[in-house]
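Colleague: Take the sequences, apply the hints, and build the full model.
The listed protein sequences correspond, in order, to chains A and B. Heads up, the final residue of the first sequence is numbered 153 in our numbering, and it's a clean run with no missing numbers. Heads up, the final residue of the second sequence is numbered 153 in our numbering, and it's a clean run with no missing numbers.
By construction, these hints were calculated from the structure, which means they are not laboratory data. Mixed in with the good hints, there may be bad ones.
Which copy? The list can't say, so a pair holds if one copy fits it or any two copies do.
[To be verified] No more than 30 Å apart at the CA atoms, straight line, and that leaves these computed lysine-lysine pairs for DSBU-like: (1) Lys-7 / Lys-126; (2) Lys-2 / Lys-120; (3) Lys-120 / Lys-7; (4) Lys-126 / Lys-31; (5) Lys-120 / Lys-23; (6) Lys-31 / Lys-120; (7) Lys-23 / Lys-126; (8) Lys-7 / Lys-31; (9) Lys-7 / Lys-23.
Residues per chain are reported as follows:
Number of protein chains: 2
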Amino acid sequence: MKPNFRKASPGFRWEGVDLLAYKDEGAAPFKSISRQTLFHVEQLAGELRYFEIAPGGYSTLERHEHMHAVMILRGRGRCLLGGEVRAVAAHDLVTIPSWTWHQFRADAGESLGFLCLVNKERDRPKLPSSEELAELRADPVVAAFFDGARDAG
Amino acid sequence: MKPNFRKASPGFRWEGVDLLAYKDEGAAPFKSISRQTLFHVEQLAGELRYFEIAPGGYSTLERHEHMHAVMILRGRGRCLLGGEVRAVAAHDLVTIPSWTWHQFRADAGESLGFLCLVNKERDRPKLPSSEELAELRADPVVAAFFDGARDAG
Numbered sequence: 001m002k003p004n005f006r007k008a009s010p011g012f013r014w015e016g017v018d019l020l021a022y023k024d025e026g027a028a029p030f031k032s033i034s035r036q037t038l039f040h041v042e043q044l045a046g047e048l049r050y051f052e053i054a055p056g057g058y059s060t061l062e063r064h065e066h067m068h069a070v071m072i073l074r075g076r077g078r079c080l081l082g083g084e085v086r087a088v089a090a091h092d093l094v095t096i097p098s099w100t101w102h103q104f105r106a107d108a109g110e111s112l113g114f115l116c117l118v119n120k121e122r123d124r125p126k127l128p129s130s131e132e133l134a135e136l137r138a139d140p141v142v143a144a145f146f147d148g149a150r151d152a153g
Numbered sequence: 001m002k003p004n005f006r007k008a009s010p011g012f013r014w015e016g017v018d019l020l021a022y023k024d025e026g027a028a029p030f031k032s033i034s035r036q037t038l039f040h041v042e043q044l045a046g047e048l049r050y051f052e053i054a055p056g057g058y059s060t061l062e063r064h065e066h067m068h069a070v071m072i073l074r075g076r077g078r079c080l081l082g083g084e085v086r087a088v089a090a091h092d093l094v095t096i097p098s099w100t101w102h103q104f105r106a107d108a109g110e111s112l113g114f115l116c117l118v119n120k121e122r123d124r125p126k127l128p129s130s131e132e133l134a135e136l137r138a139d140p141v142v143a144a145f146f147d148g149a150r151d152a153g
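Modeller: Take a look at the structure:
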């Protein structure tokens, strides 16, 4: 059992919280991202994680039935949600509805760290087919986001 | 329905998020504290709130069956948990187990803001009886905390 008080350490780490790989290697495309599970306890139906994307990195482009409730905690980046790309910065809130394609990218000079609340019981993410990816890419704003252009949003 | 992107505003406010009274007036003792519900949506079993205690203010001393998962977001203060008093600062984590007396106090010169994750379905808090309060006060560290002394923890 975790202690009830866990101090924050420099660099967005926490006492007694392991720094984990974001996903299994090779499971899905992603770059330069780590995961820390801050709260995962029997009595809570939700689970709170902290993800951090290093400058220029990105999370997996995916969708799923379960919802994400996100608060940016540090840095700057962009978020693709459905067909929309938005700039995000510290303390901004992002709701990721069911079955909506989403991906986070850190800006070139900035780490992007965010809290993500999910239900403990949830389905596994789905990756886009090549057809779905082509559909998303048909929008030049989304294509620029995938290509890491910094002026979108 | 809330928009999916909600920007943070200066002063720990958010677009489309109302600043609410902490509790109904007269329901329980507290001082200088506000509440904002950041995420409360049908598809999530958890609910994420932001509380902010002005300098010298405090939350209600209470306990309940449901658990709180807390991350400090700004400022400095102290937290009473069971018989223990600890200093807390930005990004520290506090787990408040079932039926454990707890109270947060902001330091004299600092607002204390924190995220609190709870299950949407939860029981109502219980206040201490005068006997229970006397028991807690029997510990000089706890008594100093109640009296707002700043050197505890």
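Colleague: Each of the hints needs a verdict: does it hold here or not?
Modeller: Verification of the hints:
In the homo-oligomer, the alpha carbons of Lys-7 and Lys-126 lie at most 30 Å apart only across protomers (28 Å), although the nearest pairing inside one protomer, at 35 Å, exceeds that limit. In the homo-oligomer, the alpha carbons of Lys-2 and Lys-120 lie at most 30 Å apart both inside one protomer (17 Å) and across protomers (23 Å), since each shortest distance falls under that limit. Proximity of Lys-120 to Lys-7 under the C-alpha cut-off of 30 Å is found in both arrangements, the shortest distances being 24 Å within a copy and 26 Å between copies. In the homo-oligomer, the alpha carbons of Lys-126 and Lys-31 lie at most 30 Å apart inside one protomer (18 Å), although the nearest pairing across protomers, at 47 Å, exceeds that limit.
Taking the shortest Cα distances, Lys-120 and Lys-23 sit within 30 Å of each other both inside one copy (17 Å) and across copies (29 Å). For a Cα distance limit of 30 Å, the shortest separation of Lys-31 from Lys-120 inside one copy, 25 Å, qualifies, whereas the shortest one across copies, 34 Å, does not. For a Cα distance limit of 30 Å, the shortest separation of Lys-23 from Lys-126 inside one copy, 13 Å, qualifies, whereas the shortest one across copies, 42 Å, does not. For the homomeric pair Lys-7 and Lys-31, the shortest alpha-carbon distances inside one copy (28 Å) and between copies (26 Å) are both at most 30 Å.
With identical chains, the CA atoms of Lys-7 and Lys-23 are at most 30 Å apart both within one copy (26 Å) and between copies (28 Å).
Checked against the numbered hints above, the structure breaks none of them.
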